[in-house]
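Please put together the full structure from these sequences, using the hints given.
Read in the UniProt record's numbering, the sequence shown has 364 at position 364, and its numbers run on one by one without any break.
Everything labelled a hint here was simulated from the structure, so no lab data went into it. Predicted model, so just to flag it, every value in this text is computed and none were measured. Heads up, the beta-carbon is just placed ideally off N, CA and C, and yes, glycines get one too.
Capping the alpha-carbon separation at 25 Å, the derived lysine-lysine pairs in DSS-like fashion look like this:
#, residue 1, residue 2
1, K604, K539
2, K499, K468
3, K256, K346
4, K457, K499
5, K539, K468
6, K457, K468
7, K401, K604
Label-pair distances were calculated between CB atoms; the ranges are:
#, residue 1, residue 2, range
8, D440, G569, 29 to 39 Å
9, G491, L63, 51 to 61 Å
10, T552, R613, 29 to 39 Å
11, R613, T144, 51 to 61 Å
12, T606, T144, 47 to 57 Å
13, S410, S438, 13 to 23 Å
14, Q621, T566, 19 to 29 Å
15, K139, G569, 50 to 60 Å
16, A465, E608, 36 to 46 Å
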Amino acid sequence: MGGLPLATPLSGGRHRRRIRIALPVAAAGVAAAVAAVLTVSSAGAATASADPTAKLSKSSASLTDLTDRIAGALATDKDFRKASKTKDTKTGGPSTSSTSSTSSGSSSTSTVSPMVIGGTTTSITSAPWMAQLWYYDDKGTSDTGDDVGFFCGGAVVAPTKILTAAHCVHGYNWHAYGSIVTGTDQLPTTDSSGNTDLHGGTVSGVWRQWNHPSYNSTTVDNDVAVLTLATPITATPIRMTTSTDTASYAAGTGAKVYGWGRTSSTSNDISGTLQSATLPIQSDSTCSGYYNSEFIAGHMVCAGNPATGSDSGTVSACNGDSGGPLIVGNRIVGIVSWGVQDCVAKGAYSVFTKVRSYVGAAYPRIDDTNLSDGATSTPDGKADLFVRDHSTYTGYEKDSKGTSFAARVSWGSFSGYNTILQTDLNRDGYQDFILRRSSDGAVFWLHYIPSTQSWSKSEIFSNWASRKFTVAPGDVTGDYLPDLLSVDSSGILWIYPGKGNGTFASRVEVGSGWGQYSALRGHGDFNGDGKTDLIAWSKSTGYVYLYRGTGTAGSGAFSSRINVRTWTGYNTFDAVGDVTGDGKADFLARTSSGTLYLYPGTGKATSEIFATRISVGTGFQGYDLFG
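Structural data, given as structure tokens:
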């Protein structure tokens, strides 16, 4: 089926037996920013108000620009082999697409086999999470020889998130030159008039991008990336596997790979329709036996029976499949990463990024909505802080600068509430708020509606006045939908499983004894296993405990507590996610004198769970609520 990340140079180079495969596409221009003035619908007691005055906008290319990028990528039509990376040249970069279209909408240069290399045609209904990644940059010149156009696959893992390979993302400006197509099993085509047909698909712009910070284009190691879309899509997401999953990687396990890549070793055309193929997982020793040191156990997994040396008898991923998912048990266990030149060399296997090893790094990028992402034209992927002034009840945004916070920005009045929490219940990429009204304990969901450029507030719970803690930690149950936690007056912790639309399933009891703590906070994954955790603090002892999430509901939602620190002298704590932008959840603590400290997360579940604290400012005693 074609399309390993032949991480390869677009300009050609020496080619030897083993290559890395990768393809991307689309280009055009930077989109115009849309400033949205926000208003909020009133609800509840007159004494409570939440009237955001901030303007939210996400610059996104126009539909014309997005489709022009696709057309440009389709027309680039470079030769795969000239762009593919070999074992020895190690020059890196994705390979270009070669799916030009004729006026009739059919593939031009040669007939595309209805099969991937050994695969079968697959409908989008059986793989609704599949995404096409198109990239095109004409370099602003009339010379088409310097155009950069390529294609990769990807998987929808949240309404605004695409999981793909780093070699499809690293070094490219996807916000300026990328287009994502979902909801169709066919690649776009263009007619003689230049019109682009998406065949029922939806095209979206990219808001920001992340690839693993340790991605190595030479070895194609740490080959994982996440693209964040400017607006949510309706495609059904699929989940990554967990960090503790071993069964999916057992030798002989049947795994399914999906993509639009090359269907033959003798043709450079990628497939016009989605293909899938079943490949048996191979052991690390088998993979190392063929690829030697090029195969990095723990970071990579290979699959498939040994290639035969020709299309006949070979089932393999190939160029154009780069970034697409390898699925076991309806979870992503691998990302198409690299392989051998032309994909069928005798004895070769397809190589994938081993997802279980990267859940901890990728998950913070999937659950990472922050305030500045809706208010600036330069998205940064860093979690921001929301605070409320105790005398004026004005809410303020303080944008993260990595190890400090920028000057505060007013969001208007937030009076009449005694709890304000930051979250994104509907996963639309805009920061939401959970508010508890002081007068009666009613709990509200305040969220932005992009289509009307307004805010909406709806009551989600009543009579929570006696609740000791309420926490919005993200996805606790493991379904990629943010949940709420609450400790009642008797000390019982409850999970309220989110449905992704501001409503919740029936609450599930975790257990009792949580009333002993003086603070309970959490947002994201503190120990790097890709599961949402909690931090609890006891004022009487100063002990700080980590409760590691298990990704399940009920009494087993959290593992036994681990004493990770002893803190005294603090009176307020907060967790808003990844403040530093390094992919690890961080923590904030305020002293009684008003100094706020940032504790950068390390991803460890020990006393070293946080690095040395960093002072991020004084005067924070003036704030009574932290988001």
